[in-house]
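So you can see what is in the structure, the chains are spelled out below.
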Amino acid sequence: MILVWLIAIPIVGGLAAWTAGKAHEQASKWVALFTMVAEFALAVLLWVRYYQAATTSEAGVWLIQWAVPWIPAYGISVRLALDGMSLLLVVLTAFVGLLSVAVSWSGITRRVPFYFFNLLWILGGVVGVFLALDLFLFYVFWEMMLIPMYFLVGIWGHENRVYAAIKFFIFTQASGLLMLLAILGLAFAYDAQTGTFSFNYADLLEAQVSGAYGMWLMLGFFVAFAVKLPAFPFHPWLADAHTEAPTAGSVILAGLMLKTGAYGLIRFVVPLFPEAAVTFAPWAMTLGVIGILYGAVLALGQRDLKRLVAYTSVSHLGFVLMGIFAFNELALQGALLEMICHGLSTPALFIVVGILQEHLHTRDMERMGGLWASVPRMGGIAMFFAVASLGLPGLGNFIGEFFVLVGTFRVNAPAAVLGSLGLVGAAIYSLWIIQRAFHGEPRERWTLPDLNVRGMLVFAPMVVVLVWLGVYPQPVLQTTATTLRGIRDAVTGTVQYDPLNHRAVLPAEEAAVDTVAGEEGR
Amino acid sequence: MADIPVEHGLLVSVIMFSIGLIGLLVRRNIIFMLLSIEIMFNAAGLAFIVGSTRWIQPDGQVMFMFILAMAAAEVAIGLALVLAIYRGFNTLDADRASRMQG
Amino acid sequence: MLELLWLVVALPLSGFVILATLGRRLPRAVATVIGVGSVGLSAALVIGTGLEFLSSVQSSASFTQHLWTWFQVGRFEASVALRLDALSLVMIFVVTFVGFLIHLYSSEFMADDEGYSRFFAYMNLFVASMLLLVLGENLLLLYLGWEGVGLCSYLLIGFWYRDPANGSAARKAFIVTRIGDTAMAIALFILVYQFGTLSIPRILERAPEVYAVGSGIAVAIAALLLGGAVGKSAQLPLQTWLPDAMAGPTPVSALIHAATMVTAGVYLIARMHTVFELAPVVQMMVAVIGTATMIISGFSALTQHDIKRVLAYSTIGQIGYMFLGLGVGAYAAAMFHFMTHAFFKALLFLGAGVLIMCLHHEHDMFKMGGMRKYFPVTFWTFLIGGGALAAVPLVTAGFYSKDAILWYTWSSDKGNGWLWLFGLIGAFITALYTFRMIFITFFGRAKAKPNHSPGMRTQLPLVVLAVLSVVAGFVYLPETMGHFTPFADLLHTVVPAVPMEHVAFSTELQFQIGTALVPLLGILLAYLMYIREPWAAKNLAKDRPRAGIYRFWQSGWGFDWVYDRLFVRPYYYAARVNRRDVIDALYTLLARITQGLNILLGWSQTGRVRTYAAGIALGVVVMIAIMVFA
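Residue numbers (our numbering), protein chains in the order written: chain R, 354 to 875; chain X, 19 to 120; chain L, -16 to 613.
Just so you know, not all the hints are guaranteed correct.
[Said to hold, decoys possible] Quick look at which bits of chain X chain L covers, simulated, 3 or more residues with Cβ under 8 Å:
#	region
1	64 to 72
2	86 to 100
[To be verified] Rough simulated footprint, nothing fancy, chain R against chain L, three-plus residues with beta-carbon under 8 Å:
#	region
3	53 to 65
4	116 to 128
5	153 to 166
6	323 to 337
7	561 to 573
Derived from the structure by calculation, the hints contain no laboratory data.
Each residue gets a CB set at the ideal place from its N, CA and C atoms; glycine is no exception.
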């Protein structure tokens, strides 16, 4: 039942914020803030309460489950469940949600109640996506986070908002329909095997559709998630949507929406279609590597600071894609850690850009420069997150990328080697941000206030968490270990997976005995 | 009654339908277009009656009743539309009401 | 005392945290106390722990302090653990001690700077990272420090951020070294894959059991590690960043770009020596790269005008000597040269810093001259430092360390005559450019007047370092001179002794006399060219082809030019051209096609009811026709 609360709090809160806003505009802010504080408190409590259980539970056992029938004739039910991975992502959602409410505090002036309604409904949808364990329900939540986001970008965005909103909508909607087809196809396949309809995740896991049909279904899911991720070549929506969205929109897009894509890959694509996923893995990794490198080049070319930050996501999520399709624990852990750290560092950069834009009324880096002198605190903050984004050891992002690369190296050395070139690319674009915006002589006379205490309070938790994840990520790793091992076993356990197929250079030799691997299967 | 071959009845129906259709296509005055549509309805009705007589089944006549009812309703709505168009465009020329051009 | 090892790292780190969070609100005096004091305490602790460590050296010869488990995934785990052994002891001693002196010096040098506390915050972070690099028990922790010092180097080179030139020098330093770091990261991937751990002692223990000498993977690992070392230590072909790095404040150049960070590559190779021994090809490469770098940088140093750039090229060259020592298996000698070099090169930078500080930030040697009169302390200490750099025989530390390397280059099983010969040529050039610098700067007619004279806090470090530049040489005396070798004995608990046949006493003596004479010849030539005939040098570079060569050397053998055209410009060009993203254009094309279809179909929408009716009629006719005839 607590899972229902997790979803219901933002949804009810959203309605309440809308209604309260009719009486008094400012009231909706406070309602939204209160809602997210409650949500965050609940999520953290859950983590504390279930931390032990998550670290010790068996693979495939849910920490909490809740289900009621919805359309029994077709085996559709409202089925929610929580395991280590979704627990962590829910905590992230609550945190980023809180953050997004905080950054909307003074920047939004038009139609405030409706704004907070949309904001909270997106968050409700995201939590739903992370908890839903019925594929039909999953699709419902998937769409539920899409439409309020469309409004958020389309109504409160910047100059080119309508174009960006429609582009975002078409990309995600079209790919979502492919997923719907794949979900139906999977349900039909299950029906053909057992004679009953079911959209239950656990049932569909049994279906194990193979061959060309399985491949097509897998691709249906994959495209939907790859668009959200966004993987090359499905990334063009991202730059426009991130750039044109209001700051809170960018924060949620980068911090959460992209993670739903990665979550979908881990939760659905790999376990539901292990065979197809293994066949497809080299291609997926190739897309990941291209994303890493191409995103880095794209980012460097931008003049618009927000667009630059947006493209860095393409690069970072490339690591996630690569890690997921390496099918070993280390790489999966890395992918998850990268998701979380990216979910903190990139929104922070977006907030910095948002503040700059609020005061300078431009995002053009050609017009910035020398801001360090007037806003040293913000410079320091920007420096910290730029450095986090380039993967400095000691901060969480590095651990994520390192795990992904080590894990990938075992199965696909060339991909890992090419991917690690992304570290150089990341250094180039991250330092470029600092150089262009904060260093150098000021190109125009800007006067803008430095961060005040409230501003620093917004960033402080992210700084602390990134450092924490960089020097002691163990609590996070342990929370998700069971889940991710289950995912890995879904691949290595059911399919004759021969990692040597696309392992390029190193023969296993005697050392294989001593590798971490053991887990690699045969 | 029995002397009239089915073909003749159908032929009359076809002729009437063609007249209606041609009228619909060539006239620009909406009133006349409505009249043409009425003619086409009646042509269809006649065809039903002829069929009904040929196979000695009541269904065709039932259908004709439907057509009558529908024609009445259609005239009511049609004339209302005509009035609305007249108010809006100050003319009864159908071609002038072409705002829906793509 | 040994249990306090963690404090050695924690003190500067907390100094950084305090200065970074509160720095701007603290009064300067407090910032000074925190910034300098944290490193000073750390240095004191190092001496304390070092003495205890030395007195309790046992067979294992190392002390490991496990702080906490960093992470554990499956069977792959890494801890945050510090490991003290002879090698890291030498390093942390140099880092904290020289670091403290330079911090002290900076408190005067940077006194008027608006970013005073920011400077000390970065410097403290640097010291902490460097200590972590050295003390890290596993390669990942080492890598953490490795990247950390790189970041600090970036921050400090670009410290005066208003000038875009400083910014681009800083970015160049970070990005070029990161290319090397990426190679090193790949080496780590292989090591994890092969050993399932990154713990240095365990890898060093297992590697010889797993790999035969010269086996492919060992070569790959060693070559990739070498890539990292080459980047950090500014050796060929990644040496281009160091001369530009002189854009930072002079104490930074002294600490980071001379004494400590740039020698991290030397440390890495010494640390992972077992892997390099398993890959003789790569070890040979180390020696060859070192020698080539030394020669190339020597010629570049000969032609510089900026006093700091002379020192930068000489740093590259001296690290080349260390690489040469590592390459021939003389690890102790290389570390010895590291230590003496840290003393005398820090001294030279700080001395140059005094001139720069007191001459309105003038860097050009040719605009100084005659500075002997104005800065007596600086002159004498600079002379001692220069003598050590040039390896003036018997009285300077530099002579003993350089002699050790050259001697082992000849006598080691891994060395050969060619390397030795080039090493000797390098020594000659070193002496030549060092005394060119000294003669131009301190002798002759004064062309500038200092605006103030240096204070106590800058002079004291100079004197201390000058003393060290002399006496540090006496801890490792060769066989011919008493064979007093506590330094080498200490290091040989960690690294192997030089593999060599026993050579006759007289042979060694002959070589030493050669090594001693060559620098003197260099100094003599410098004297002739820059004191006796001051015009000789200028005339030499007057003619067309020679002027070209002069400029070629001055520009660092055109590496920057080539890299710029080969990598930098194409990359930026690709980024700029693709600003609007070709992939996006594909989707836009799709949208345009859809719009085109829309327009085409839109034509059928005339808005005339009669057209639609005709369409319906026509459609019905067609359908009936199909039904009837088909």
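### Numbers of unmet hints, in rising order
Violated hints (numbers, rising): 1, 2, 6; every other hint is consistent with the structure.
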